[in-house]
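Peer 1: Sequence:
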Amino acid sequence: MIGLIHLAHAQADAMDTFIKFKNQDNVVQLLKPEELDTFSRQTILNIFEVHERRERQYKAYPVQPVLDRIFGQGWRAADEIVFSCKDGYQPSIPVAKFLAYDAYLAVASADGSPFILDNTLQNHEVVELGPVYLVWNNLKFPILLAEGAADMPYQIIGIELATFATRFPGMFPPARVSAEVKRGFLHFRKYCMACHTINGQGGGKAPELNYPISVTEYFKPEYLKRWIDDPASLRYNTTMPALAAEIPEREKVLEEIIAYLTAMQRVKHTPPAKNSKK
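For the sequence shown, this note's numbering begins at 11 and goes up steadily by one.
There may be inaccurate statements among the hints.
Claimed, not checked - Okay, derived cross-link-like pairs now, BS3-like style, lysine-lysine, Cα gap no bigger than 27 Å in a straight line:
{"hint": "1", "residue 1": "215", "residue 2": "262"}
{"hint": "2", "residue 1": "230", "residue 2": "215"}
{"hint": "3", "residue 1": "230", "residue 2": "262"}
{"hint": "4", "residue 1": "230", "residue 2": "200"}
{"hint": "5", "residue 1": "42", "residue 2": "215"}
{"hint": "6", "residue 1": "150", "residue 2": "69"}
{"hint": "7", "residue 1": "96", "residue 2": "192"}
{"hint": "8", "residue 1": "150", "residue 2": "215"}
{"hint": "9", "residue 1": "215", "residue 2": "235"}
{"hint": "10", "residue 1": "262", "residue 2": "200"}
{"hint": "11", "residue 1": "107", "residue 2": "215"}
Said to hold, decoys possible - Cβ-Cβ distance ranges computed for the label pairs, FRET-style:
{"hint": "12", "residue 1": "128", "residue 2": "30", "range": "26 to 32 Å"}
{"hint": "13", "residue 1": "36", "residue 2": "233", "range": "40 to 46 Å"}
{"hint": "14", "residue 1": "249", "residue 2": "36", "range": "32 to 38 Å"}
{"hint": "15", "residue 1": "231", "residue 2": "189", "range": "16 to 22 Å"}
Keep in mind the hints are simulated off the structure, nothing from the lab.
Predicted model, so just to flag it, every value in this text is computed and none were measured.
Yeah, the Cβ is synthetic: ideal placement off N, Cα and C, and Gly gets one too.
Taking the hints into account, I'd like the entire structure generated from these sequences.
Peer 2: Right, dumping it as C-alpha cells:
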C-alpha cells in the first residue's frame with residue numbers, strides 16, 4: 011500500500027516535470043508532458059510491452075512531428091538522440107532508427123490505469139513511467155522485438171541531439187583491435203551503456219565498469235559471463251536485467267561484449283568531476 015501511495019505521488023510530480031530538449035548542449039525547449047499536444051497529435055498506441063511480456067495500450071504522441079517542430083528538419087541529419095531519465099538510465103539511440111521505425115512518447119495508460127509497469131526484466135520492480143516513456147510500434151515492426159527493452163527508456167526528462175564520438179569519447183576501444191572487440195563495442199553501446207559507464211561516460215543507473223579497475227580484472231571470467239547472462243543466478247533480488255533472450259546469436263554477443271570490456275583495460279581515462287556533468 012505504501013508503494014502505491016509513493017507511486018501516486020510520483021505520478022503527480024511527473025506532471026510538473028519539464029522535459030528539456032537540447033541540441034549539442036544548448037537548451038532549445040522546455041516542455042511539460044501535457045504541452046506535447048502543441049507539437050503532435052495524441053493517439054492510442056497498441057504495443058507489445060517488452061517489460062511485462064504482454065500487449066498494452068498507451069496514450070502517446072508520434073516522435074517525428076515533435077522533433078520536427080522543436081529542432082526543425084535538421085534533426086534528421088543528426089547522429090544520435092540521447093535520452094536522460096530520472097533514474098539515471100541514459101540510452102543513446104541512432105537517429106536512423108527514428109527514421110526507419112515509428113517511435114512515440116507515451117504519457118498515460120490508455121485505459122486510465124496508473125502509468126506504471128511491473129518490470130519483469132528487473133525482478134518485477136514496479137516503476138513509474140512518467141513524465142514520458144519512449145515506445146515503438148513493435149507490432150507493426152516485429153523486428154524490433156529482437157532488441158529487447160534497451161531503447162525503451164521511461165521517466166524521460168531530457169532529449170538531446172548529440173554526436174556519439176563527441177559525447178562519449180572515452181568509450182571507444184583502443185586502436186588496432188580485433189573485429190570481435192569492435193563488434194563488442196557496438197553491442198555494449200546498444201545493450202549496456204544506458205545503465206553503466208566506461209571511464210565515467212554512459213548511464214548513471216549502475217556501476218562504472220572500467221575505471222579505476224576494470225570489471226574484467228576483479229571478476230572471474232566464468233562469473234562475469236554468467237553475471238551478464240543471468241544476474242539473478244549470482245545475486246538474490248538483483249534488478250539488473252539479463253542480456254535480452256531475443257537477441258540473435260546471443261551467446262556470440264555475450265562473448266564479444268566481454269572482449270570489448272577486456273580490451274578497455276588498456277584505455278582508462280579519469281572520469282570528469284561530477285559537478286561538471288551537464
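Peer 1: Hint by hint, say whether it matches the structure.
Peer 2: For each hint, the structure was consulted:
A threshold of 27 Å between alpha carbons decides the hint, and for residue 215 with residue 262 the separation of about 26 Å falls inside it, so the pair holds. Proposed proximity of residue 230 and residue 215 is supported: the alpha carbons are some 23 Å apart, at most 27 Å. At most 27 Å may separate the alpha-carbon atoms for a hinted pair to count; residue 230 and residue 262 meet this at roughly 19 Å. In summary, the hint linking residue 230 to residue 200 is supported, as the alpha carbons are separated by about 24 Å, within the 27 Å threshold.
For the hint pairing residue 42 with residue 215, the CA-to-CA distance comes to about 24 Å; that is within 27 Å, so the pair holds. A hinted pair counts as satisfied when its Cα atoms are at most 27 Å apart, and residue 150 with residue 69 qualifies at roughly 17 Å. About 31 Å separates the Cα atoms of residue 96 and residue 192, which puts this hinted pair outside 27 Å; it is violated. Our distance criterion of 27 Å between C-alpha atoms is broken by residue 150 and residue 215, whose separation comes to about 31 Å.
Note on residue 215 and residue 235: the hinted pairing holds, with a Cα-Cα distance of about 20 Å set against a maximum of 27 Å. Under the criterion of a C-alpha separation no larger than 27 Å, the hint pairing residue 262 with residue 200 is consistent with the structure, at around 15 Å. The suggested pairing of residue 107 with residue 215 holds, with an alpha-carbon distance near 24 Å, which does not exceed 27 Å. Hint check: residue 128 to residue 30, Cβ distance near 28 Å, so the stated range 26 to 32 Å holds.
At about 44 Å, the beta-carbon gap between residue 36 and residue 233 stays in the expected band of 40 to 46 Å. Roughly 34 Å separates the CB atoms of residue 249 and residue 36, a value that falls within the hinted 32 to 38 Å. For the pair residue 231 and residue 189, the supplied restraint of 16 to 22 Å holds, since their beta-carbon distance comes to about 20 Å.
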